[in-house]
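*Asks:* Below are the chains, spelled out letter by letter.
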Amino acid sequence: MTEAPEKYVGGGVPRKEDPALVTGRANWTDNIKLPGMLHMAVLRSPFAHARVTNLDVSAALEQPGVVAAFTADDLSDDWVAPMPCAWPVTEDIKMPDHWPLAKGEVNFMGDAVAVVIADGRYTAQDALEFIEVDYEPLDVVVDMEEAIKDDAPLVHEDLGTNSSYVWPLEVGDVDGAFEQADVVIKERYIQQRLIPNAIEPRAVVANPDPTNDGITLYTATQVPHIVRLMISAVTGIPDQRVRAVAPDVGGGFGSKLNIYAEEILATNIARRLGVPIKWVEDRSENYMATIHGRDQIQDIELAATSDGRILGMRTNLLADMGAYMQLVTPGIPVLGAFMYCGVYQFDAYSFTCTGVFTNKTPTDAYRGAGRPEAAYAIERIVDSLARELDMDPVEVRRKNFYEPFDEPTTTPAGIQYDSLNLPIVLDRVLEMANYDALREEQKRRREENDPVQIGIGLSTYTEICGLAPSQVLASLRYGAPGWESATVRMFGSGKVEVVTGTSPHGQGHVTSWSQIAADALGVTPDDVEVLHGDTATSPHGLDTYGSRSLPVGGVAVHLAAQKVQDKAKKIAAHMLEASEDDLEFEGGQFSVAGSPDQSVTIQDVAAAAFGGINIPEDMEPGLTADTFYDPPNFVFPFGAHICVVEVDTETGKTGVRDYFGVDDCGPVINPIIVDGQVHGGIAQGIAQALYEEAIYDEDGTLVTGSMVDYMIPGAPELPNYTLDRTVTPSPTNVMGVKGIGEAGTIGSPPAVINAVIDALSPFGVTHIDMPASPMRVWDAIQNARDGGEA
Amino acid sequence: MREVRVKVNGRDYVREVEPRMLLVHFLREELNLTGTMVGCNTSNCGACTVLMDGESVKSCTMFAVQADGREIQNVQGLAENGSWHPMQTAFHEQHGLQCGYCTPGMIMASVSLLKENPNPSEEEIREGLEGNYCRCTGYENIIKAVQQAAGQTG
Numbered sequence: 001m002t003e004a005p006e007k008y009v010g011g012g013v014p015r016k017e018d019p020a021l022v023t024g025r026a027n028w029t030d031n032i033k034l035p036g037m038l039h040m041a042v043l044r045s046p047f048a049h050a051r052v053t054n055l056d057v058s059a060a061l062e063q064p065g066v067v068a069a070f071t072a073d074d075l076s077d078d079w080v081a082p083m084p085c086a087w088p089v090t091e092d093i094k095m096p097d098h099w100p101l102a103k104g105e106v107n108f109m110g111d112a113v114a115v116v117i118a119d120g121r122y123t124a125q126d127a128l129e130f131i132e133v134d135y136e137p138l139d140v141v142v143d144m145e146e147a148i149k150d151d152a153p154l155v156h157e158d159l160g161t162n163s164s165y166v167w168p169l170e171v172g173d174v175d176g177a178f179e180q181a182d183v184v185i186k187e188r189y190i191q192q193r194l195i196p197n198a199i200e201p202r203a204v205v206a207n208p209d210p211t212n213d214g215i216t217l218y219t220a221t222q223v224p225h226i227v228r229l230m231i232s233a234v235t236g237i238p239d240q241r242v243r244a245v246a247p248d249v250g251g252g253f254g255s256k257l258n259i260y261a262e263e264i265l266a267t268n269i270a271r272r273l274g275v276p277i278k279w280v281e282d283r284s285e286n287y288m289a290t291i292h293g294r295d296q297i298q299d300i301e302l303a304a305t306s307d308g309r310i311l312g313m314r315t316n317l318l319a320d321m322g323a324y325m326q327l328v329t330p331g332i333p334v335l336g337a338f339m340y341c342g343v344y345q346f347d348a349y350s351f352t353c354t355g356v357f358t359n360k361t362p363t364d365a366y367r368g369a370g371r372p373e374a375a376y377a378i379e380r381i382v383d384s385l386a387r388e389l390d391m392d393p394v395e396v397r398r399k400n401f402y403e404p405f406d407e408p409t410t411t412p413a414g415i416q417y418d419s420l421n422l423p424i425v426l427d428r429v430l431e432m433a434n435y436d437a438l439r440e441e442q443k444r445r446r447e448e449n450d451p452v453q454i455g456i457g458l459s460t461y462t463e464i465c466g467l468a469p470s471q472v473l474a475s476l477r478y479g480a481p482g483w484e485s486a487t488v489r490m491f492g493s494g495k496v497e498v499v500t501g502t503s504p505h506g507q508g509h510v511t512s513w514s515q516i517a518a519d520a521l522g523v524t525p526d527d528v529e530v531l532h533g534d535t536a537t538s539p540h541g542l543d544t545y546g547s548r549s550l551p552v553g554g555v556a557v558h559l560a561a562q563k564v565q566d567k568a569k570k571i572a573a574h575m576l577e578a579s580e581d582d583l584e585f586e587g588g589q590f591s592v593a594g595s596p597d598q599s600v601t602i603q604d605v606a607a608a609a610f611g612g613i614n615i616p617e618d619m620e621p622g623l624t625a626d627t628f629y630d631p632p633n634f635v636f637p638f639g640a641h642i643c644v645v646e647v648d649t650e651t652g653k654t655g656v657r658d659y660f661g662v663d664d665c666g667p668v669i670n671p672i673i674v675d676g677q678v679h680g681g682i683a684q685g686i687a688q689a690l691y692e693e694a695i696y697d698e699d700g701t702l703v704t705g706s707m708v709d710y711m712i713p714g715a716p717e718l719p720n721y722t723l724d725r726t727v728t729p730s731p732t733n734v735m736g737v738k739g740i741g742e743a744g745t746i747g748s749p750p751a752v753i754n755a756v757i758d759a760l761s762p763f764g765v766t767h768i769d770m771p772a773s774p775m776r777v778w779d780a781i782q783n784a785r786d787g788g789e790a
Numbered sequence: 001m002r003e004v005r006v007k008v009n010g011r012d013y014v015r016e017v018e019p020r021m022l023l024v025h026f027l028r029e030e031l032n033l034t035g036t037m038v039g040c041n042t043s044n045c046g047a048c049t050v051l052m053d054g055e056s057v058k059s060c061t062m063f064a065v066q067a068d069g070r071e072i073q074n075v076q077g078l079a080e081n082g083s084w085h086p087m088q089t090a091f092h093e094q095h096g097l098q099c100g101y102c103t104p105g106m107i108m109a110s111v112s113l114l115k116e117n118p119n120p121s122e123e124e125i126r127e128g129l130e131g132n133y134c135r136c137t138g139y140e141n142i143i144k145a146v147q148q149a150a151g152q153t154g
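Going line by line, the protein sequences match chains C and R.
In terms of our numbering, the first sequence opens at residue 1 and continues consecutively.
In terms of our numbering, the second sequence opens at residue 1 and continues consecutively.
The hints are simulated quantities; they were obtained by calculation from the structure and are not laboratory data.
This structure is a prediction, so every number in the text was calculated from the model and none was measured.
Nothing false has been slipped in among the hints.
Interface residues of chain R toward chain C, partial, derived using beta-carbon atoms under 8 Å:
id	residue
1	Met37
2	Asn41
3	Thr42
4	Ala47
5	Asn74
6	Gln76
7	His92
8	His95
9	Leu97
10	Cys99
11	Glu127
12	Arg135
Just some of the chain C residues that point at chain R, by a computed CB distance under 8 Å:
id	residue
13	Asp18
14	Gly251
15	Phe253
16	Ile682
17	Tyr721
Residues of chain R placed beyond 12 Å of chain C at every Cβ, according to the derived structure:
id	residue
18	Glu3
19	Lys7
20	Arg15
21	Asp53
22	Gly54
23	Val65
24	Gln66
Note that CB positions come from ideal geometry on N, CA and C, so glycine has one too.
Excised from the complex, chain R in its bound form (with noise of 0.2 Å):
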């Protein structure tokens, strides 16, 4: 067992953990952070994706004791004070989600693609999205979430 310390939406956590731990299942299962989902197991969906030190990662591929030290944000330590960041309530208001189960990964992903790129083409958000699999919208309502919350036009 290893020990991991690791702050979650701004709690620190201490645990000891099996070092093949990973990370999605430390958060959904040590934590209860149920809000970020297994998809796909090999990266590919997304699903999983929070910011590690701010940056996008899937947590699906990586152990949790590779967290120590840092500092994790899934789709539920997004709001603030009672209010949803903006790209929830963009989500939401551009319909970008019907079954809802890729949105937690998708939002996170998109958050991190705002905070490298503020102000993207659709083909810099549909390129910086190609890592994340929705199955029910087709992309266009998530596209214009992100457009949305970037301040432009959805």
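The shape of chain C in the complex, shown without the other chains (with noise of 0.2 Å):
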């Protein structure tokens, strides 16, 4: 038995999870080969929008290795109901029908046609080559502006419009707080699309149960329960017999929180033909056929006062769904609407979000889904508004923040913010950056015209995260709850297994969530075993995105092992023929207080518990417990991040120069695995910043479609991230814990720009648009010495 510890939580545990990691022994969906298993290819169309007037699949069908192909004609009968939306956001929001292969009309590039199945992924790819297409070309619309006019070409002609919804918010007397501003300011910001790029595409294998026609699914996915759920909505197999199993999963950021037509396709097609089909993603069809992220026209308006206190904020918003709706598609604008108000104190507030059809691909949840879009919105215009009023931005941002508090606090969008310390962040943040230091140093470059100008940017931050109280999503018309589940379980041997519904794909649970059972039980975390991602060995889940995992499935895999610690200390009791409120439970040993040498340990407790004797009368043997944990509201994680970039003023090129950030996420489990989350989270948002665009030409090809042509920062574009912490504990869960997984990519992108526009601020500049390429930068600097609109 390993020496029982002190405590885990708060350490530096080492990940459990490296060593398969780094000897190449994981198991990527990829990886599984199964007896008789044929291999999926599908044919996407090459147009943005067109009628499909001839599809015929007979010559491929010839061709060698080919075992079967099939159209939407051929696999109607097979689907009960369109690939659904679980967040249609208003009653009376339009939304087509999205079956997994197209119906007579495609709606973007790379909308799937057919499929062909052959004994190989080399044959199934070339005869998609035989498959005779006519595509009668269709008006094409990518601009959400363009979208919207009465003349517009439709998207889906039957739906009768481009706009699909209309989400409106208002609290507070609006147009009062702007008939008594001193000072408005109307600004419009562009969120450009992003491509996810989890480095490991997406891929299925769907093997039929032929004791049970059901299906075993093996997919790289964020979401089993999700998809287990969704392919029996859609194929009509009942859900028990549905098994879906996310192995080893390379990344996802939101990219992977979808149910996708060749997960249909793929079960389709497995029961009908009796063996296993196998379908992998190629990064040409990922950058196609998986969702996109952002693509926002983000129209605000500040009202304040001039000495800078902010009195309201409009919001309107045009958000681009693409072609259908994904799983929560219309939903990831919508959670933004809350946090536009960000860390500052004002009683007015209205946003608008118009959700609009384009022919491009689906958006959906992209890591920060909805808030890094409002954060960058707020943190934006309240430099404006420093500049407006010749205010240090330090110094806006101080007169309007809240006040800490540590209970529920009501915001103008009409939540409640469950803790917030701004003050502690910003001070701490300033002082790491010496901030004064980097002042007097800008000053200096520009007094000396030094070709290379340095800015200094300030984002100061909360979101929404944790998803989610059931209750409240139910109001917001979201089609799932939002609790999390977990068992624990410690045998006879006095070794512990805990099944999570939490799906990790890089977040590290195996190792976070054995450092909590460790501890609530008194054994080490290699006592710990954890289940996850398999709907077989854990049947109730809702997975892993909007930083939901540790405030509530942590959370629950520690109200569980306090259950079982609960149980063993009646039997303890019961053992040392003591009363349970004397006993005391300290590094894995029961001990009656006062006498420490009548003691037992936990792993007598669960002999005890196994054997079924050795314990109360009334009592079942075992030592295992389930919850359920829906927690009463969400976690706002905050945080203050200052990014110094260089700006060459001669060619444009812009670099990261020094970045800071001071996060608050609560008490935190494992110091290594959050500075990670921080890391990557802050590397993805200056990739938004200054690198990365998804760009369509008019006719709707998309011109980014490979790494060759989408700009993904690699290591020399990247700086160190100097972070640090304060701990403010959350009052929502009994950990005091918030999630830490979206915190960087949300308090990133403002910082940046806030900088890059601060290094061009004596040109004239006051406005640049992401990403900050040398083009854009040169350009804006062009033009403000032009006199120009910068």
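Since each chain comes alone in its own frame, lean on the hints to assemble the complex.
*Replies:* Following this line, the structure appears as structure tokens:
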């Protein structure tokens, strides 16, 4: 037996996940080979909008190795419903039917038209060339503002409009606030379209179960439990006969928070042919057929007094849905609605979001999902307010912060932040960055007309995460609950098994959940095994997204482990012939208070519970407990970031010189993992600010169709991150924890862009769009020099 | 079909393959060496990086037949006598991985980098790994891992 430890929560326990990953022994979906397995390849539309007037797979069937080919006509009988959208945000939302294969019309480049099944991935791919398709091109609309004009081409003729929904929110006297204001700032920001780029592409293996006509679906997903529900909903297979397994999953960032056509098709075809079917996405397919993120036009107005106090805000969004609604497409900008007021206290706020169809890949959750957009808008416009009033951006922020609080506090958006303390994170980050010295350096470079100028950008953010209270989700018309489940079992050996409904894909849940269970039960993390990602072993769960895993799923593990500890205590009291109330539990031992030699270890208790004899008479044997934990509120991590950029004003080349972040996510389970999450989050935010953009031409062709054309930052483009933390516990859950997976991505884009604008402000530049590429920066300088609109 | 004779991780293999078969698929599907994965199909992401005669190559844009007569090493051949290569240990200790999908390629590229430049500066490490994308870590801990493996304080 390993020595029972003090406490593991809060310690940098090395990750248990790593040994398989660093030695090449991980179990990726694409590794799976099953007897008799055939391969699927998907024919995709090269047009953004077209009628399919002829579709003939017969020549493909003649090709060597080809076993079958299917079109929508062939498979329609296998679909009892279209692919679901789980978040119809308004009662009158307009949504097209979305079938796994196009029925007569394609609506974006990459829309699936037909599939080939063959004995190998090369033969399947080859045979696609032999499918005959005649497309009659239809008018294309790619621009949201064009799409909502009266005479715009319609993405879906039968809906009669490209406007899917309008979602409004208004709190307080907004018009009054703007009438009273000394200053009104009005700006437009573009949230460019992004491609999530998990390095593992999607992959599926569907294995039919001949004993019950069900299916086992191995799939590179963040959400095996949701996949099981949705496979059942679309195919009609009862959900107890659907087993969804997420093997090792190579990143998701929201792009694998979905149910995709290929998962349905592989299921249908595996059952029809009676053999396993495998499909693996290549990167160019991933760019077309896996969801994109962001893509919003944000019109923002801020009302303030002449001394910099914010009075009110208006937010008006156009949000690009793409051609169809995927799992939560319409809800992403609406989730942001609650965050546009940021960390500032004022009374009047209005928000309107119009969801717009275009002939592009559907958008959906991408790391942050609605909240990076919101944080960007408020943090940009607060800087503009500072510029307008000739105030330091630090001072404008301080003037409007909430007084620190540790109990739920209502915001202008009508929700309750759980706990915030902005002054401490801001003070700390200013100190770390040596803000005054940076301003000195900036002043010097400006005076010297240095061609390389520095910019200092600030962002103070909070975000809503830990999805979520089921009641609140239901009130937002979200189609699923938000609880999480856990089971904790202690075997007769004293070893522990934790079953979680979360589904990690890089976040290190196996390590963190082991730490949580180990502390509750007085064992080591090595004594704990964590089962996840398989609906057969973990039947209840709502998976991993929205920085929910720790504040919902981790808390569930803690609660289940506490229940086990409670039962163990009863057994220990029985074994020691003592009163339960007199027992203390420390270091894996139950002892009678005041007589430490009267004790039993939890392993002794586990053996007794397994044996079923030396336990109280009215007690069931075994040491196991289940929990369904439904939190009462979201959680709201917060932080302050400072980005220092260097801009070569002669070439426009911009790079991040230093990045400072102070984040508060409450008590930390594993600081190594938390820092890693913040690093990666900031990196993805810098990527949006400076590098990445999915570009379509006017015909709806994705110009950035591979990693050759889409600028993912590598190691030379990204900085080191200087981080610190403060600890403000959340009152939402007993552990006080908040999520951290998305915080970096939410806090960083405005810090970077505010820094770029700050660097260029001597030229008169007040605005730049993302990504701030060398061309954009150079243009902004030239335009400002020419006296034009920057 | 063409015959390929190749030594992989110290073991000799002879296989008949289609001339167009990519080296990464040869490793994964013919030899079941699934520790090397495909990320991008265009040589950009480096998830498929292996060593050929000691130099790093991207196995998703090479044919298996081009490896005929050569010696290949992938991440599964790095450990010796059950002990991890110092680079594997360093990635673990510096938390240089999260989802781990880029890791086998990143580790092989890093091993190759130190072979060419045993004492690189931070900038040289960053430049040396520019052909390997990681979407999870933001790279800092990967750089520290390479520094640790190079015997520098990470």
